[in-house]
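Chain order of the listed sequences is L and G. Per the numbering used here, the first sequence starts with residue 1, numbered consecutively. Per the numbering used here, the second sequence starts with residue 1, numbered consecutively.
Keep in mind the hints are simulated off the structure, nothing from the lab. Cβ coordinates follow ideal geometry from the N, Cα and C atoms, glycine included. Some hints could be false.
[Claimed, not checked] A few chain L residues facing chain G, derived, Cβ under 10 Å:
| hint | residue |
| --- | --- |
| 1 | ASN26 |
| 2 | VAL28 |
| 3 | GLY55 |
| 4 | GLU58 |
| 5 | ASN60 |
| 6 | LEU68 |
| 7 | SER69 |
| 8 | GLU90 |
| 9 | HIS100 |
| 10 | LEU101 |
[What the hints assert, rightly or not] Below are the DSSO-like pairs computed for lysine-lysine, each with C-alpha atoms no more than 27 Å apart in a straight line:
| hint | chain 1 | residue 1 | chain 2 | residue 2 |
| --- | --- | --- | --- | --- |
| 11 | L | LYS45 | G | LYS268 |
| 12 | G | LYS199 | G | LYS188 |
| 13 | L | LYS152 | G | LYS135 |
| 14 | L | LYS18 | G | LYS259 |
| 15 | G | LYS168 | G | LYS139 |
| 16 | L | LYS245 | L | LYS6 |
| 17 | L | LYS275 | L | LYS305 |
| 18 | G | LYS188 | L | LYS18 |
| 19 | L | LYS184 | L | LYS152 |
| 20 | G | LYS168 | L | LYS45 |
| 21 | G | LYS240 | G | LYS259 |
| 22 | L | LYS18 | G | LYS168 |
| 23 | L | LYS211 | L | LYS313 |
| 24 | G | LYS135 | L | LYS45 |
| 25 | L | LYS245 | L | LYS18 |
| 26 | G | LYS168 | G | LYS199 |
[Claimed, not checked] Pairwise CB distance ranges (calculated):
| hint | chain 1 | residue 1 | chain 2 | residue 2 | range |
| --- | --- | --- | --- | --- | --- |
| 27 | G | PRO54 | L | ASP33 | 37 to 43 Å |
| 28 | G | ASP53 | L | ASP177 | 34 to 40 Å |
| 29 | G | ARG51 | L | SER120 | 43 to 49 Å |
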Amino acid sequence: MADVKKVATRDSYGNALKELGAVAENLVVLDADLAGATKTAIFQKAFPDRHFDCGIAEANMIDVAAGLSTMGLVPFAATFAMFAAGRAYEQVRNTIGYPHLNVKIGATHGGISVGEDGASHQCCEDFALMRTIPGMTVMCPSDDVEARQMVKAAYEMNGPVYMRFGRAATPVFHGEDFKFEIGKGEVLRDGTDAAIIATGIMVPEAIEAGKLLAEEGINARVINMATIKPLDEELVLQAARECGKLVTVEEHSIIGGLGEAVCSLVSERCPVPVKRIGVNDEFGHSGPAAALLEQFGLCADNIVKQVRALLGK
Amino acid sequence: MTPEEKRALQLTAVSVREGILTSTHGAKAGHPGGSLSAADVFTYLYFKELRIDPKNPRWEDRDRFVLSKGHTAPGLYAVLALRGYFPVEELPRLRHIDSFLQGHPNMNTVPGVDMSTGSLGQGLSAAAGMAKGAKYLGKDVNAYALLGDGELAEGQIWEATMFAAHYKLDNLCIIADINGLQIDGRTKDVMNTEPVDAKFAAFGCDVVKVDGHDFDQLEAAFARFHENHGSGRPTCILMKTTKGKGVSYMEDNAGWHGKAPNDEEYAKGMAELAEARKALEV
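Here chain L stands alone, though its shape is the one from the complex (with noise of 0.2 Å):
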């Protein structure tokens, strides 16, 4: 995929802020000491009196969201997903999900294509903390074009949502005629030998996956699954009834995220073998992006392995 388009969705979000800034007068964005990474000061640039840096204290930052969307505004908070879903983890769930406040979080730095910073910074639990939360939309982007559209969806629904981007440049594969909509899956490749269910970056790899398979015989369906909460209950058990087993994919430890939903909805409603691909209860290290991808099988070589396996082939 050499010549696609690479954009990292931690730029949507700065210019999708932006976007939404010039016609949407109370939103307002909030960062900690990041807009340089989070690209907030994309939307800073242009309307600096809208941008409120709150230094390094995040769980003050996600309180003060809060108190600001009591006033009418509609506060978009930025961090790094370690310090949004972790840090604040307790200020999100009491004051911003308990009274069901109409708070986004944009947490960027998702997962472990973070790379050279380490494990400390590499967030695989951010799913898992957010997902708890009753109320919460949770959500992950697979390129640059779901990635705008969803943080204007966020804009327009009330209640609170916690979105991911991440940090490295991965394939555009959306047409602009694309329509993102919350709680829906969307079908990139039909099939029923299988089908791998992904969100975020994982996606162009399941797509790729999808494509290999294809060569060996095998059809296996692809669905990008871009909200995590509430999820698509209906496309995955539909998934499940006509492939009749699953493969899930996402930049996340293995507990807790979108493998574990969809084998909660499945084994209560339509129960079928499930193998879930992420981060296997382990802490990430130091490295390139794409080698740490590949080396934690977040990549689709690993996917079509997967999917074999559970097929027996």
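We have chain L already, so just place chain G on it with the hints.
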């Protein structure tokens, strides 16, 4: 304020204290000690200071109050009921399974509550967000947060104070109820937060120290808050108080931080408050 006005506030504060006893007795649980130490400031805020409309609890341009020390909900609920946000008859149903009066303030179930709180250290940040939002929107709205002195050990309080000073939130009033006790004992023994005045001053606040049971001093302190508008400095009112104030056996006793009075204790406390009322009415 006139002597009549002061007496009226004092009488209302007695009613707030009765509400605290009635609700925690009815709940067989809850936090009377810190509710009683703050009963006078609750009264002052809701009957004199705050620009509010109990008939329109969500009025956009109202002042905001955040009870950062959310466990003292019995005090807040009592004053809200007396101010007309909901019937006083609801108070004994505090913490009951089918009651809207949750153990800690819930902004979605209790009319007049501006922020859900309970987990210490977070309310000041939310109030700072309200103050910042008001400034951004060009609204003449003040935000007030009431903190406990034990709560000052939470690091987020200082993150929020730094934020308030940095963004020149002179429409934010930080009120700390310095009753000197927390669950495990004397605050100075559990985790010494003193010198509190020097700390808030160093973080950029205009610090005012008052007797938190003296309405004249409270009036002067809030007047200074209003004078600080335009200065770019948040105001911090440090109130020296007595935990359990007004109920003899609860006063300055950490054991009454989170314990409800039994029937006998309730009767004794209510009798003392009736005496206090009688003394004021003479």
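Each hint, compared with the structure:
1. ASN26: holds (9 Å)
2. VAL28: Status holds, d = 7 Å.
3. GLY55: Check passed: Cβ of GLY55(L) comes within 7 Å of chain G, closer than 10 Å.
4. GLU58: holds (9 Å)
5. ASN60: With Cβ-Cβ at 4 Å, under 10 Å, it holds.
6. LEU68: LEU68(L) check passes; min Cβ-Cβ to chain G is 4 Å, inside 10 Å.
7. SER69: Where the cut-off is 10 Å and the nearest Cβ of chain G is about 8 Å from SER69(L), the hint holds.
8. GLU90: The hint holds - GLU90(L) has a Cβ within 10 Å of chain G, the shortest such distance being about 6 Å.
9. HIS100: holds (7 Å)
10. LEU101: holds (9 Å)
11. LYS45(L) with LYS268(G): violated (64 Å)
12. LYS199(G) with LYS188(G): Satisfied, since the Cα-Cα distance of roughly 15 Å is no more than 27 Å.
13. LYS152(L) with LYS135(G): The hint holds at about 26 Å.
14. LYS18(L) with LYS259(G): violated (52 Å)
15. LYS168(G) with LYS139(G): holds (15 Å)
16. LYS245(L) with LYS6(L): violated (31 Å)
17. LYS275(L) with LYS305(L): holds (11 Å)
18. LYS188(G) with LYS18(L): Violated - the C-alpha atoms of LYS18(L) and LYS188(G) are around 49 Å apart, more than 27 Å.
19. LYS184(L) with LYS152(L): holds (15 Å)
20. LYS168(G) with LYS45(L): Roughly 22 Å separates the two Cα atoms, so the pair holds.
21. LYS240(G) with LYS259(G): Holds, at roughly 22 Å.
22. LYS18(L) with LYS168(G): Given that 27 Å is the threshold and the Cα spacing comes to 26 Å, the pair holds.
23. LYS211(L) with LYS313(L): Status holds; Cα separation ~17 Å.
24. LYS135(G) with LYS45(L): holds (21 Å)
25. LYS245(L) with LYS18(L): violated (42 Å)
26. LYS168(G) with LYS199(G): holds (17 Å)
27. PRO54(G) with ASP33(L): 37 to 43 Å: Since the Cβ atoms of PRO54(G) and ASP33(L) sit about 41 Å apart, the hinted range of 37 to 43 Å holds.
28. ASP53(G) with ASP177(L): 34 to 40 Å: Violated, since ASP53(G) and ASP177(L) (Cβ atoms, about 50 Å apart) do not stay within the stated range.
29. ARG51(G) with SER120(L): 43 to 49 Å: At roughly 47 Å between Cβ atoms, SER120(L) and ARG51(G) fall inside 43 to 49 Å, so the hint holds.
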